[in-house]
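Q: Numbering (the working numbering), first residue to last: 901 to 1229.
These aren't lab readings, by the way, just hints derived from the structure by calculation. Treat the numbers as computed from the prediction; the structure is a model and nothing was measured. All the given hints hold, so there is nothing to weed out.
Derived lysine to aspartate or glutamate pairs resembling EDC-like cross-links, with alpha carbons at most 20 angstroms apart:
1) Lys1057 with Asp1120
2) Lys1203 with Glu1191
3) Lys1158 with Glu1168
4) Lys1009 with Asp961
5) Lys1206 with Asp1080
6) Lys1058 with Asp1026
7) Lys1148 with Glu1161
8) Lys1206 with Asp1122
9) Lys1058 with Asp1010
10) Lys1009 with Asp1049
11) Lys1009 with Glu1028
12) Lys1081 with Asp1113
13) Lys979 with Glu1028
14) Lys1203 with Asp1109
15) Lys1081 with Glu1029
16) Lys1203 with Asp1103
17) Lys1098 with Glu1191
18) Lys1158 with Asp1096
19) Lys1108 with Glu1191
20) Lys1154 with Glu1168
Pairwise CB distance ranges, derived in the manner of DEER restraints:
21) Gly1112 with Asn1135: 36 to 42 angstroms
22) Gly1112 with Gly1145: 28 to 34 angstroms
23) Ala1013 with Phe1199: 37 to 43 angstroms
24) Asp961 with Ser1091: 16 to 22 angstroms
Heads up, the beta-carbon is just placed ideally off N, CA and C, and yes, glycines get one too.
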Amino acid sequence: MRHLLSLILICIFLLSSCEDRKTHPVQFYYWKSKTRIGETEKQFFEQLGATRLYLRLFDVDIQKGIPQPQAAIRSFDAKALPAEYIPVVFITNRTFTHISVTDTDKLAKDVFALVRKIMSDNQLGDPEEIQIDCDWTATTKDRFFRFLDTFRTVSGKKTTCTLRLHQVKYRDETGVPPADKVYLMAYATSSPVENDGKNSILDLTLLKDYLGDIGNYPLDFDVALPLYSWAVVTNHLGRTKLINGVTKEELPDKIYRKTDEHSFELQEDTFLRGIYLNRGFRIRVEHISPELLQEAKDFLSKKINKRYNYIYYHLDSLFLPRFSPEDLQ
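Produce the complete structure using the sequences and hints provided.
A: Here it is as C-alpha cells:
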C-alpha cells in the first residue's frame, strides 16, 4: 500500500511539472520592404502552427520637420501564408519630439489612412488589430499616448504597441501606454556600437535586471524574441555599420583574423554580403543560439505566471535554418 501511495505521488508530481512547463503559441514578425515568402518561411510557419503574421507596413520619421512615411512594404502576396495579417507601423521616437501634442491627432489619421490603403491594395483583409512600434521615452510619452488614444478612436480597431525593456523597469517615468495590449520586446538589451563585451541583441544578465518585475506589468502582453544576427563593422575612424545576417562560419581565417571569441580583424580588402570592407576593419559578430534562446524562455516562464504567445523576430530564411522547429516551441 505504501509503495502504491508513493507511485501515485510521483505521478502527481510529474503531471504537475508538465503542467508548469506551459506551451506557448508561436507567431512571427515580418520586417522587409522587399517581400518574399519562400519555402523555408512557409515550412516554419506551418510546422509551428502559427496563425498570425505581424507585417511591418511602413516607418514614419521626420523629414524637414514633417512626419513622412518611409520604406513602405512593396506588393505582398496575401496567399503566401495561411495567416491573419496584423499590420505594424514603426514610428521613430524623434517624430514625437518634433511635433506638437495636437499634431499627433493628424498623424494618427494619416497613419491609419495609409495602413488601410496598403492593406486594401494587397488584399490583406480588414484587420481587427493594428500595432504601433515606438521607443517612446518620458519626454515623449504624452504625445505618443495621445496618438494611441486618437488612433483607436479614428480606426475603431484594437490598438496595440510594443514595450521595450526600459519602459518596463522605469515605468513610473515612461508611463503605461493606453493600449489594448503590449508586445514585450525581450531583446535589444544594449546598443551594438558600445562594444562593451556584451551581446547587444540579447544579454541575459541585462534582461533579468530589466524584467525583474515583469510579472506585475498592468497590461496584457505577449513576448517577442529574436532570431537574427549581424556583424558590427568598425572602420579606421571608429565609425560602425551593421551588416545583417552574418555568422562566424562565413568568415574564413585567411581573410578574418580572430581576435577573441566573437571578434575579427580584416587581413585584406574584401566584400561581405555585398558590402566592400577594407583591410584593418574590425568586425564583431552577434547572434542568437538555440541555447541562449532557451535560457531566455526559461527565465520568462518563471517570471510570467500567465499564458502568452511568442512572436519571433522575424520570419526570414536568413535566420530560420539555424533553429529547429523544436527550438522555437
